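Participant: In order, the protein sequence lines correspond to chains G and B. So the first sequence is numbered by numbering that gives the first Met the number 0: it starts at 0 and just counts up by one. So the second sequence is numbered by numbering that gives the first Met the number 0: it starts at 0 and just counts up by one.
Be aware that one or more of the hints could be misleading.
Stated by the list, open to error - Derived, one-sided and incomplete: chain G residues facing chain B with beta-carbon distance under 10 Å:
1. 16
2. 22
3. 23
4. 25
5. 52
6. 54
7. 55
8. 56
9. 57
10. 59
11. 60
12. 86
13. 87
14. 90
15. 91
Claimed, not checked - Mimicking SDA-like on lysine to any residue, the simulated pairs with C-alpha atoms at most 25 Å apart in a straight line are:
16. G:16 / B:19
17. G:16 / B:16
18. G:16 / G:81
19. G:16 / B:34
As the list claims (entries may be wrong) - The following label-pair restraints were derived from C-beta to C-beta distances:
20. B:16 / G:102: 24 to 34 Å
21. B:34 / G:14: 21 to 31 Å
22. G:40 / B:121: 55 to 65 Å
23. G:34 / B:111: 25 to 35 Å
24. G:37 / B:137: 15 to 25 Å
25. B:33 / G:1: 18 to 28 Å
26. B:27 / G:90: 19 to 29 Å
27. G:27 / B:23: 45 to 55 Å
28. G:102 / B:32: 21 to 31 Å
29. G:68 / B:135: 44 to 54 Å
30. B:32 / G:50: 18 to 28 Å
By construction, these hints were calculated from the structure, which means they are not laboratory data. Quick caveat, the model's predicted, so the values are computed rather than measured. Idealized CB from N, CA, C, for every residue including glycine.
Chain residues, written in single-letter form:
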Amino acid sequence: MAFQTRTHVEGDVASIKLVGELDSRAAHRFNGVIAELTAQPLTRLVLLMEELSYMSSAGLRCLVFAHQKLGRGVEIVLVGTQQAVAETINLTGFDRSVVMQDPLGT
Amino acid sequence: MTTAVRLRLERADDVPRRLAEVVAGVARRAGLAERAAYRLRLAVDELATNVVTHGYHGGPGRLDVAAGYDADWVWLRLEDDAPPFDPRSHDSAPALDGPPREGGYGIFLALTNVDSFDYARIGGRNRSTLLMRRPGARVPAGVDAGGVDTVAVDSAVTDDGGTDGQYGTGRR
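For reference, chain G alone in the conformation it holds in the complex:
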């Protein structure tokens, strides 16, 4: 399934809804979406992951890119990550540099 994002910024919190599959091809576009946020004075980036069905290491590098572009002071929160995607994040230790949350309301 094609990768799609929808960004919403409210105050100092940006949220991006991720839909589909985040592979090496899609990662370039996702980095572009992240780069557009660098002008915003953010304290938190929330990634809504419930509809992201696949993520390769290219997606992990997007998270590193987000840290680098937005600064270490910006907390990155992953909400509702599917189990298979979460396993990749945990396996590589990225769960220690982001906050993993269950979907809101559960």
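Assemble the complex: chain G is given as a structure, and chain B must be docked to it using the hints.
Facilitator: Relative to chain G, chain B alone:
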């Protein structure tokens, strides 16, 4: 029973998607569980993207893909003409202290997500074989599948992909 898939990849942009189709097809026929199919897809995606990016440096090159299954194993084989690179020799374990680094995760994910992995340099080509145990397989973990039939597939890789790993003698 062994079956095989033949495909031609015209652009590197297509590689992850086409490989996903190959994995989905063989996983369905072999009755592979959804989680195992996901892990196989991830592993082959990482290895193939590594070939495109670091083996061919984003330039043209052949990537042959074959997949099939027998009574115990689902297998997928990648062959390329890039310089010799044994993924098992890559220092791929992520650093468990300090901030995450940008590269080095793809090979690690590939090797840790399959049930068995084999590499050989045959006829001047890299050959990586990825195996997943089928449900109810008689062979325990860590046992190689032995000989399986394969069908070579041509593909023209002409574009950049973007992943990690490195060919040749140096490491970053």
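Participant: Each hint: holds or not?
Facilitator: These are the hints, each one checked on the structure:
{"no.": "1", "hint": "16", "verdict": "violated (21 Å)"}
{"no.": "2", "hint": "22", "verdict": "holds (4 Å)"}
{"no.": "3", "hint": "23", "verdict": "holds (4 Å)"}
{"no.": "4", "hint": "25", "verdict": "holds (9 Å)"}
{"no.": "5", "hint": "52", "verdict": "holds (9 Å)"}
{"no.": "6", "hint": "54", "verdict": "holds (9 Å)"}
{"no.": "7", "hint": "55", "verdict": "holds (5 Å)"}
{"no.": "8", "hint": "56", "verdict": "holds (4 Å)"}
{"no.": "9", "hint": "57", "verdict": "holds (6 Å)"}
{"no.": "10", "hint": "59", "verdict": "holds (5 Å)"}
{"no.": "11", "hint": "60", "verdict": "holds (6 Å)"}
{"no.": "12", "hint": "86", "verdict": "holds (8 Å)"}
{"no.": "13", "hint": "87", "verdict": "holds (6 Å)"}
{"no.": "14", "hint": "90", "verdict": "holds (6 Å)"}
{"no.": "15", "hint": "91", "verdict": "holds (5 Å)"}
{"no.": "16", "hint": "G:16 / B:19", "verdict": "holds (23 Å)"}
{"no.": "17", "hint": "G:16 / B:16", "verdict": "holds (21 Å)"}
{"no.": "18", "hint": "G:16 / G:81", "verdict": "holds (13 Å)"}
{"no.": "19", "hint": "G:16 / B:34", "verdict": "holds (24 Å)"}
{"no.": "20", "hint": "B:16 / G:102: 24 to 34 Å", "verdict": "holds (28 Å)"}
{"no.": "21", "hint": "B:34 / G:14: 21 to 31 Å", "verdict": "holds (28 Å)"}
{"no.": "22", "hint": "G:40 / B:121: 55 to 65 Å", "verdict": "holds (56 Å)"}
{"no.": "23", "hint": "G:34 / B:111: 25 to 35 Å", "verdict": "holds (31 Å)"}
{"no.": "24", "hint": "G:37 / B:137: 15 to 25 Å", "verdict": "violated (55 Å)"}
{"no.": "25", "hint": "B:33 / G:1: 18 to 28 Å", "verdict": "holds (21 Å)"}
{"no.": "26", "hint": "B:27 / G:90: 19 to 29 Å", "verdict": "holds (25 Å)"}
{"no.": "27", "hint": "G:27 / B:23: 45 to 55 Å", "verdict": "violated (24 Å)"}
{"no.": "28", "hint": "G:102 / B:32: 21 to 31 Å", "verdict": "holds (24 Å)"}
{"no.": "29", "hint": "G:68 / B:135: 44 to 54 Å", "verdict": "holds (48 Å)"}
{"no.": "30", "hint": "B:32 / G:50: 18 to 28 Å", "verdict": "holds (22 Å)"}
Hint check: violations occur at hints 1, 24, 27; the rest are consistent with the structure.
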